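> Residues per chain, in single letters:
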Amino acid sequence: MNQQPVQREINPIQRARLWYALLLIVFGIFAVRVFYLQVIRYDYYKKAALNTQLKQYEIPAERGIISAQYSGSTVPIVMNQKLYTLYADPVTVKKPVQTAAKLQPIIGGNVDTITKSLKSGGGLRYVILARKLSPAQSTKILKMKLPGVGTQEQDYRTYPQGTLAAQLLGFVSNDGSGEYGVEQALNKQLQGTSGQLKAVTDVNGVPLAASANNILTEPVPGSDVDLTVDVGMQSGVEKIVKAAQEQYKSKSVSAVVMDVHTGAIKAMANYPSYDPANYQQVDDAALFQNQAVTEPIEPGSITKVLTTAAALQKNVITPTTTFYDPGSWPIDGSNVADVEEDHSTGQQSVLSTLDKSLNTGATWMLMQMGGGQINFQARSTLYDFFTNRFGLGQATGVEQGYEAGGYVPKPQNTGSGINLTYANMSFGQAYSATALQMAAALSSVVNGGTYYQPRLIEQTISGNGQVTKIPPKVVAANVVSTQTSNEVISLLEQNNTNHVKEGFSYLNFGSGYGVGGKTGTAEVANPVGGYYADRVNGTYMGFVGGNSPQYAIVVYNMQPTKYNGFAGSGTGQPVFANIAHMLINNFGVTPRNP
Amino acid sequence: MTYSSTLAMGRGASAANMRGQNSVTFKVTDRRLGPVSNTIILIVLACLLGLLYLTQVTKTNSYGYKINSLQQQQSKLQQQHEDLSVASARLQSIDQVASSATAQGMTPVAPSGSVQ
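Chains as they are written, first to last, in numbering that gives the first Met the number 0: chain Z, 0 to 593; chain D, 0 to 115.
No lab work stands behind these hints: they were computed from the structure.
Fair warning: this is a prediction, and the values are worked out from it, not measured in the lab.
Warning: the hint list may mix true and false statements.
Simulated pairs of lysine-lysine, DSSO-like, Cα-Cα distance not exceeding 27 angstroms [unchecked claim]: (1) Z:K142 x D:K65; (2) Z:K238 x Z:K197; (3) D:K75 x Z:K139; (4) Z:K187 x Z:K468; (5) Z:K238 x Z:K250; (6) Z:K45 x D:K58; (7) Z:K81 x D:K65; (8) Z:K101 x Z:K81; (9) Z:K500 x Z:K409; (10) Z:K131 x Z:K101; (11) Z:K355 x Z:K561; (12) Z:K355 x Z:K500; (13) Z:K54 x D:K65; (14) Z:K101 x Z:K118; (15) D:K58 x Z:K81; (16) Z:K131 x Z:K115; (17) Z:K139 x Z:K115; (18) D:K58 x Z:K46; (19) D:K75 x D:K65; (20) Z:K197 x D:K65; (21) Z:K197 x D:K58; (22) Z:K313 x Z:K409; (23) D:K75 x Z:K144; (24) D:K75 x Z:K54; (25) Z:K139 x Z:K93; (26) Z:K131 x D:K65; (27) Z:K131 x Z:K144; (28) Z:K142 x D:K75; (29) D:K58 x Z:K54; (30) D:K75 x Z:K197; (31) Z:K197 x Z:K81; (32) Z:K238 x Z:K561.
Chain Z on its own, in the form it takes in the complex (with noise of 0.2 angstroms):
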């Protein structure tokens, strides 16, 4: 009998069982190594996204403003600019020739400097085509879609009022950091504190805003800050020492007016100056310099007025006092006599030792200081009060770069003439101070003897609008009385009437206001030793005010070559009887009581 071969028939409740097995197997494969790689490596992957997706980016703070006074209120004088840099990868310029003749009619300059540029070698990828573009250029530039031809922003350091002030405020370099001036002194207020963004990115580098991994930390700006200065005053005194030094064809002029009764500074000019929004283009650094604070001198016969202060403050002299002038005095080995004047031996006063300069009449005045003869006591004293008293040999703490201290020598004998280096010293040789220096000196003698520190600002606006207003800092009190004061006071104003007298009618300021002063021809040193036959530099010292002194103005004429006279009276003296009409006809000086 045939048999049909049995059919097992497959249970469909098993063939379901049998996929959905499968289907579990496949799954589990699934599961198992997403598993793996979200959490045995998690780390690594995490680690390696976030390197691709995560940018870290500086976010820089605004710069601080410095605004000056002006009429009552601040304008700025140095502000923030965005402007473009002008950047090629000449790698990836096919054409520089035809690129080169598409920048220039917006960048200006010479084409075949740009295609140079354009042509670089040596496997450069980035070269800078042209600075401080405006927007509008950059736009243009932009927009012609030039291969390997981009704009980069950037900020700018710009100056509304121009070249004023130029040495005084310094400038800011392509690293962002101050140079010279305000901007070195006050650079870590004036920068702020850069933010920072770290943020997962889209391919754009747009930050997403899903990311837990975003930081943000905001930048903090840099401070806002007020100088003591006066633009107009700034810019008058510029003007004056510009004038100066072309009619005297000096090698440099400075000045400086300080506020007698609060060290501020209201200007403080120099000529040659630069222009700050084009330093690259100085070739000699020397001149970034404000000499005001960087340039110690020796002095010369404006020194005689500290010397007199000295002797009338020790009561070794009074106001009236005469003495013998023998016509010089022999001092270790060498005879100190004077230079300005040509005069004979006989009766001098204090009052005639400033009229004429007498070195002779400055020596014995140190003398006094020692009991009648140039000993310790005498050179101590002096450099006491010189040092401790009216802050010479030590730099100022003004905010100012580079600022130089000068240099008074020690009283102790060190075998060297030391007798003949104080009495030099007496009438502004063999010691060196800045103009800055002796302004504040004069300033501490003639306000009733507080010496306050010199100062630049007047305040300072924090970020976030926290405003702190800088005092005057009294350095030393009672430098000398208020005797003493007002003794060198009437001493300086008589000196000037005499002056007049004498034919200066450029110091007549009639008898409303309080002028006085002290003209220095200084010798300059040579630095091989002793001092230069041909070469004096021209000083002045001295005060403007009315019923009290309200100005000290200094002025250091750099060696001129054209004058007439000595050097302190034909070229340091006007400067100062310029200065001194400006403040009285523009800038408010009080005149005395009727």
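Since the structure of chain Z is provided, determine the placement of chain D on it from the hints.
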């Protein structure tokens, strides 16, 4: 006979325990999803949840573009403000004022004398 009476009869017939072999019985059975269907549905639900999450994240990230655009606008306006401030300061500079038509039209006056 009606359909319903037929059903009633059927119910009665089942109570008699299948006396008539030709009677119709109706049994209510539970409908259930099989394990495969269950698994697939769970997977689909999980995908839907994932899609929902992705939608929310994408929506949030899109705010980043809006923020970026607003920040660019703000930057542009700030720059315009800066440029205007600089231009204003330049117009008030001493040299600019001195060379202005108003200043040029002024007559210099020398002091007639010192204040007594």
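> Now tell me if each hint is right for this structure.
Hint check:
1. Restraint check: the Cα-Cα separation between K142 (chain Z) and K65 (chain D) comes to about 24 angstroms, which is no more than 27 angstroms; the hinted pair holds.
2. A threshold of 27 angstroms between alpha carbons decides the hint, and for K238 (chain Z) with K197 (chain Z) the separation of about 52 angstroms lies outside it, so the pair is violated.
3. Taking the CA atoms of K75 (chain D) and K139 (chain Z), the gap is near 17 angstroms; set against the 27 angstroms cutoff, the hint holds.
4. The straight-line distance between the Cα atoms of K187 (chain Z) and K468 (chain Z) is roughly 18 angstroms, inside the 27 angstroms bound, and the hint therefore holds.
5. Restraint check for K238 (chain Z) and K250 (chain Z): satisfied, since their Cα atoms lie roughly 16 angstroms apart, inside the 27 angstroms limit.
6. For the given pair, K45 (chain Z) sits about 22 angstroms from K58 (chain D) by alpha-carbon distance, which is consistent with the 27 angstroms threshold.
7. Of the supplied pair hints, the one linking K81 (chain Z) and K65 (chain D) holds, its CA atoms being roughly 24 angstroms apart against a limit of 27 angstroms.
8. Under the criterion of a C-alpha separation no larger than 27 angstroms, the hint pairing K101 (chain Z) with K81 (chain Z) is consistent with the structure, at around 24 angstroms.
9. For the proposed pair K500 (chain Z) and K409 (chain Z), the alpha carbon gap of about 40 angstroms is over 27 angstroms, so the pair is violated.
10. A threshold of 27 angstroms between alpha carbons decides the hint, and for K131 (chain Z) with K101 (chain Z) the separation of about 18 angstroms falls inside it, so the pair holds.
11. Between K355 (chain Z) and K561 (chain Z) the alpha-carbon distance is near 22 angstroms, which keeps this suggested pair within the 27 angstroms criterion.
12. The hinted pair formed by K355 (chain Z) and K500 (chain Z) meets the criterion: a straight-line CA distance of about 13 angstroms does not exceed 27 angstroms.
13. Our distance criterion of 27 angstroms between C-alpha atoms is met by K54 (chain Z) and K65 (chain D), whose separation comes to about 19 angstroms.
14. Straight-line distance between C-alpha atoms of K101 (chain Z) and K118 (chain Z) comes to about 15 angstroms, which keeps the hinted pair within the 27 angstroms bound.
15. Pair hint K58 (chain D) plus K81 (chain Z) does not hold up; C-alpha atoms about 34 angstroms apart against a cutoff of 27 angstroms.
16. Between K131 (chain Z) and K115 (chain Z) the alpha-carbon distance is near 20 angstroms, which keeps this suggested pair within the 27 angstroms criterion.
17. Taking the CA atoms of K139 (chain Z) and K115 (chain Z), the gap is near 22 angstroms; set against the 27 angstroms cutoff, the hint holds.
18. Our distance criterion of 27 angstroms between C-alpha atoms is met by K58 (chain D) and K46 (chain Z), whose separation comes to about 25 angstroms.
19. Restraint check for K75 (chain D) and K65 (chain D): the C-alpha separation of about 15 angstroms stays at or below 27 angstroms, so the hint holds.
20. Proximity of K197 (chain Z) to K65 (chain D) is assessed by CA-CA distance (about 18 angstroms); at most 27 angstroms being required, the pair is judged to hold.
21. The suggested pairing of K197 (chain Z) with K58 (chain D) holds, with an alpha-carbon distance near 21 angstroms, which does not exceed 27 angstroms.
22. For the suggested pair K313 (chain Z) and K409 (chain Z), the alpha carbons sit about 20 angstroms apart, so the restraint of at most 27 angstroms is met.
23. The straight-line distance between the Cα atoms of K75 (chain D) and K144 (chain Z) is roughly 21 angstroms, inside the 27 angstroms bound, and the hint therefore holds.
24. Restraint check for K75 (chain D) and K54 (chain Z): satisfied, since their Cα atoms lie roughly 23 angstroms apart, inside the 27 angstroms limit.
25. The hinted pair formed by K139 (chain Z) and K93 (chain Z) meets the criterion: a straight-line CA distance of about 20 angstroms does not exceed 27 angstroms.
26. Our distance criterion of 27 angstroms between C-alpha atoms is broken by K131 (chain Z) and K65 (chain D), whose separation comes to about 31 angstroms.
27. Distance check on the hinted pair: K131 (chain Z) and K144 (chain Z) sit about 20 angstroms apart at the alpha-carbon level, within 27 angstroms; holds.
28. Distance check on the hinted pair: K142 (chain Z) and K75 (chain D) sit about 18 angstroms apart at the alpha-carbon level, within 27 angstroms; holds.
29. For a cut-off of 27 angstroms, the pair hint linking K58 (chain D) to K54 (chain Z) stands: about 21 angstroms separates their Cα positions.
30. Our distance criterion of 27 angstroms between C-alpha atoms is met by K75 (chain D) and K197 (chain Z), whose separation comes to about 23 angstroms.
31. For the given pair, K197 (chain Z) sits about 24 angstroms from K81 (chain Z) by alpha-carbon distance, which is consistent with the 27 angstroms threshold.
32. Between K238 (chain Z) and K561 (chain Z) the alpha-carbon distance is near 19 angstroms, which keeps this suggested pair within the 27 angstroms criterion.
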